[in-house]
Each structure stands twice: as C-alpha cells, then as structure tokens.
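Sequences and hints are given; from them, build the entire structure.
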Amino acid sequence: MPTIDLSQLPAPLVVEPLDFDSLFALRKEAFIALYPADQQDAVRLTLSFESEPIVKLLQESTYRELLLRQRVNEGAQAVMVAHAIGSDLDHLGANNGIEQLTITPANPDTIPPIAAAMESNDDFRVRIPQVFEGLSVAGPTGAYEYHARSAEVGWPMLPLSAHHRPVSLLLCFPARATAKPHKIYWIRSLLR
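Take the sequence shown: its position 17, counted from the start at 1, is 16 in numbering that gives the first Met the number 0, and no numbers get skipped.
Calculated from the structure, these hints are not laboratory results.
Any given hint could turn out to be false.
Cross-link-like lysine to any residue pairs, in silico, SDA-like; alpha carbons within 20 Å at most [unchecked claim]: (1) Lys27 with Arg63; (2) Lys55 with Ser21; (3) Lys55 with Leu25; (4) Lys27 with Glu64; (5) Lys55 with Ala93; (6) Lys55 with Leu66; (7) Lys55 with Leu67; (8) Lys55 with Ala77; (9) Lys27 with Val42; (10) Lys27 with Ala41; (11) Lys27 with Leu65; (12) Lys179 with Thr103; (13) Lys179 with Met117; (14) Lys55 with Asp20; (15) Lys55 with Phe19; (16) Lys55 with Ala24; (17) Lys27 with Tyr62; (18) Lys27 with Thr45; (19) Lys27 with Leu46; (20) Lys55 with Val80; (21) Lys55 with Leu33; (22) Lys27 with Gln58; (23) Lys55 with Glu28; (24) Lys27 with Leu5; (25) Lys55 with Leu22; (26) Lys55 with Val78; (27) Lys27 with Leu57; (28) Lys179 with Ala147; (29) Lys27 with Ser50; (30) Lys179 with Ala116; (31) Lys55 with Phe23; (32) Lys27 with Pro52; (33) Lys179 with Pro104; (34) Lys179 with Ser149; (35) Lys27 with Lys55; (36) Lys27 with Leu8; (37) Lys27 with Ile3; (38) Lys179 with Arg148.
In this text the structure is predicted, and so the values were computed from the model without any measurement.
What follows is the structure, given as structure tokens:
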C-alpha cells in the first residue's frame, strides 16, 4: 500500500475561507430584516454611517464571529495529519503508537537549558500513516521503509522495490556522518 503524499492533498472542505466584509454585510442585512418593511430604508441609511454606534456593535460582533470561525478551522486542522502541528501532531502520532524521534536529547543541566532537537513535522507526518505498513510480517516494501525511517532521523531514503529474491536495504548517510553500530544492529534485527 503506497503512502499518500499529504502535501498533494487539496485543502479540506471543512476549513472555511474567512471574509470579514461578506460576513459584515450579511449581519447588516439580518439586522435590517428585524425591522418592519416600512422602516428598513431608514435603518439601511443609518447603517451606512460608520460613526453610528450600532455599526460599531455589528463590526465588533462580526469580528468575534470571525475569530470563532478561525478557531473552528484550526480545530478541524488539528485532527488532520497533513495540517496538525506541535502537540496536536504528537497526539495523532500517539494514536498510532509512535512519537517524534529525538535528534539531540534535551540537556536541562546547562545554563541556559537546551531543549531537545526533534524530528521535523514533515518527516513525522510521513511516518504516522506508515506505521500500519510496519505491522506487517510478510515483508512488504512499506514495512521496510517504515522501519528504516524510524531507525534514525535524517537518513535519506532511496526507493525500495519488492522482488522475489533476498531484499537489500541501502541506507545513505549525510555527508561526514557515520553509521552508529547499534543502529545498524537494530536495523538488521528488524529485517531478520
């Protein structure tokens, strides 16, 4: 099962485009509709003046609605692997039983304390849906890719192909980097 490139997905329909002017115009018309038909023209004329207190109230309530709609948009995106960030993405990973890999552990004993350097959100987004490939015991290509990606942060992946012969896995290291023996041993033990 190939991994979907999340960056190529269209924007989700649940995320609503926000436009203050359109929303403000709708609120004005709804306010005018509250009056009897013979008074609506006078109310419309009153609302055409920016200095009117009721116009300021409508602007303020429109702005608050816009903030609320933005919060709904952010909440919807927080549960999508393609759009989640920070702890929201961590929770989506935890739902699948994985967490972001640590590049450099935190050092709280230094002054100032040094925070942990973690795997990038983009790399983590690739691994989250791949976790299901890693559950297979039959040796599909996706399982090898998932376990290789989970072994070490920053190892570039070469495409793998499944054939009816022994599988070779090629790991490329960044310039001036060397493979840590315990990581090589760990990968070999996974592939056996």
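(request) For the pair supplied as a hint, lysine 179 and threonine 103, confirm whether the alpha-carbon distance does not exceed 20 Å. (result) 14 Å, holds
(message) With the threshold set at 20 Å, check whether the alpha-carbon distance from lysine 55 to alanine 93 stays at or below it.
(response) 46 Å, violated
(message) Against the 20 Å threshold, does the CA-CA distance of lysine 55 and alanine 24 hold or violate the hint?
(response) 13 Å, holds
(message) Check the hint pairing lysine 179 with alanine 116 against an upper bound of 20 Å on the C-alpha distance.
(response) At roughly 18 Å apart (the allowed maximum being 20 Å), alanine 116 and lysine 179 satisfy the hint.
(message) Does valine 78 sit within 20 Å of lysine 55, going by the straight-line distance between their CA atoms?
(response) 36 Å, violated
(message) For a C-alpha distance cap of 20 Å, please report whether lysine 27 and glutamate 64 respect it.
(response) The hint holds at about 14 Å.
(message) Hinted pair, alpha-carbon criterion (20 Å max): lysine 27, leucine 46. Please report holds or violated.
(response) It holds: about 8 Å lies between the C-alpha atoms, which stays within 20 Å.
(message) Does leucine 57 sit within 20 Å of lysine 27, going by the straight-line distance between their CA atoms?
(response) 7 Å, holds
(request) Starting from lysine 55, check that the Cα of leucine 25 is at most 20 Å away, please. (result) Satisfied, since the Cα-Cα distance of roughly 15 Å is no more than 20 Å.
(message) Does leucine 5 sit within 20 Å of lysine 27, going by the straight-line distance between their CA atoms?
(response) Given that 20 Å is the threshold and the Cα spacing comes to 40 Å, the pair is violated.
(request) Sort out whether serine 50 lies within 20 Å of lysine 27, counting only the CA atoms. (result) At roughly 15 Å apart (the allowed maximum being 20 Å), serine 50 and lysine 27 satisfy the hint.
(message) Can you confirm whether the C-alpha distance between lysine 55 and alanine 77 stays at or below 20 Å?
(response) Violated, because 33 Å separates the two Cα atoms, which is more than 20 Å.
Going through the hint list in order, the structure does not satisfy hints 5, 8, 20, 24, 26, 36 and 37.
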